[in-house]
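Order-wise, the sequence lines are chains A and B. Counting in my numbering, the final residue of the first sequence is number 148, and the numbers go up one at a time with none missing. Counting in my numbering, the final residue of the second sequence is number 531, and the numbers go up one at a time with none missing.
These are calculated hints, taken from the structure and not from any lab test. Check the hints yourself; a few may be wrong.
Cut-off 25 Å, straight-line C-alpha distance, at most; resulting in silico cross-link-like pairs (DSS-like, lysine-lysine) [stated by the list, open to error]:
hint : chain 1 : residue 1 : chain 2 : residue 2
1    : B       : 527       : A       : 43
2    : A       : 125       : A       : 110
3    : B       : 445       : A       : 18
4    : B       : 365       : B       : 291
5    : B       : 527       : A       : 125
6    : A       : 18        : B       : 498
7    : A       : 33        : B       : 498
8    : B       : 498       : A       : 125
9    : A       : 43        : B       : 498
10   : A       : 18        : B       : 527
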Amino acid sequence: MALRELYQEIIVDHGKRPRNFGALTTANHCKSGHNPLCGDKLTIYLHEENGVICDVQFEGSGCAISVASASLMTETIKGKSVADVEQLFALFHGLVTTGVEPAENLGKLAVFAGVAEFPIRVKCATLAWHTLKAALADDQQPVSTE
Amino acid sequence: MNLDHLRHDFPVLQTTNRGKPVVYLDSAASAQKPKHVTQTLSNFYLQDYANIHRGIYELSERATRLYDDARKTAQQFIHAGHPDEIIFTSGTTEGINLIAQTFGRDQWQAGDEVIISEMEHHSNIVPWYLLKQQIGIELKIIPVDDAGNLDREVYQKLFSSRTKLVALTHVSNVLGTINPVKEMIAIAHANNVPVLLDGAQAVPHMPVDVQELDCDFYVFSSHKLYGPTGIGVLYAKKSLLDNMSPWQGGGDMIETVAFDHITFAKGAQKFEAGTPNIAGAIGLQAAIQYMQNIGMQHVYAHEQELLAYATPALLQIKGLRIIGEAKPKVGVISFVMDDIHPHDIGTVLDHEGIAVRAGHHCAMPLMERFKVPATVRVSFGIYNHAADIDKLIDALQLAKRLFQ
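Next up, chain A with everything else stripped away, as it sits in the complex (with noise of 0.2 Å):
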């Protein structure tokens, strides 16, 4: 597999310039993930209203696998709902587990494909995912950026 096939224009320009970055004041659920094996931090924001992703950021640090995954998933899921969003994460497992491009169409998320080829990098590009599900998972208030 040549590099550039794990290392995707698009995959290199969000770990770069991650889209929707920096905390949300309408966040009614934050939670915090970490990979502590290659120091990745991030931090997930999420607005839901009635089983639906009204808005999403999250902010961090770590390697461009980590943050294009989760700048792309912040892309993807805006306006889906948790259900949508879960079924989605499997998918996405799927696909940076096997190399395999699922049936359903993964838009964006596609681009994570050579992953699989880097076992080590698995939690790199899901870690995102993991904090998303676990935000879903957590109760909290709204998150103050004071």
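Please arrange chain B on chain A, whose structure you already have, making use of the hints.
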């Protein structure tokens, strides 16, 4: 110092990593094994194997003799005064835990203090932290300056009437710094405090003489010294060993056992319960002999040449910053690059066949000190040559282009 002829002794160097010839630059994590070591292990298991210290037959006597010889080889290698001062452990980590839980836990009280440094590996932090939780000792920390040197002025001021031990790394696994341990031991002794040295990163790269250093405890691992995993050495001055309680209880560490009274073996054997890692000790001996054949001075000179070749070549790469520029240092170079996370660098290098370590190197407090989440670390062994460094530099340039 050209040691290229040694490369034939390491078959792994003829293999591939992700389809490309292996460039192994991770010897500080663990060194590759020469055929001499694996053949010795194989011969022992196939021709001389039996349990030791108990058989009344010749085969067991042979195995016992080989095991005891291994202890003498280790003793001579680090210039200890007596084989009874050499305890075989599972590695550096066990050696430090043994000291903490026998010498420390036995003899110290709440409020007693241990001096360690900011550049310690977790294996020389956590055992003391556990002791802090168990009996309430305090940790005093020697700071590290921007170049990667220990602050000796602060060190001198850390001693108090409660100081019980200085536990210090001989060589930093991240920065490569060779600490001025002889001088620091003298200062500790002037304060009547014994010193434990973590020699995991020193013993494979330079001559070590524990009597000349006058350290009280010295620990190292076989696997970083081109020997098998699961075996290491704890050196302790005999006067200290005699006053320490046993480590684990079991066979081989006793003289007599009755249900109401037990007497323990003397010397090193008191600390080696159960059937030991016999083959490991014999494999370690083979590794030591292999290194002695090369000569530790030559090993040091060779790796210094690699360090001198690699350092300016790395610094030519724009945006690359080396963490740890102390002098003297061993052939360990940690670095970070602008705009590319160490793990992404590690993956690019991996793809090019190059094995390095990327991460916190089991030294999280040191990462915090230098305000980096992780570094890339390249480390040299006897089998590395300039061509490895050329490939490293090319691959780092590739990483830069990829992330532009």
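Evaluation of the provided hints:
1. 527/B - 43/A: Between residue 527/B and residue 43/A the Cα gap is close to 23 Å, so the pair holds against 25 Å.
2. 125/A - 110/A: 19 Å, holds
3. 445/B - 18/A: 18 Å, holds
4. 365/B - 291/B: Distance of about 18 Å is within 25 Å: holds.
5. 527/B - 125/A: 24 Å, holds
6. 18/A - 498/B: 20 Å, holds
7. 33/A - 498/B: OK: residue 33/A and residue 498/B at ~24 Å, within 25 Å.
8. 498/B - 125/A: Holds - the C-alpha atoms of residue 125/A and residue 498/B are around 23 Å apart, at most 25 Å.
9. 43/A - 498/B: Satisfied, since the Cα-Cα distance of roughly 14 Å is no more than 25 Å.
10. 18/A - 527/B: 13 Å, holds
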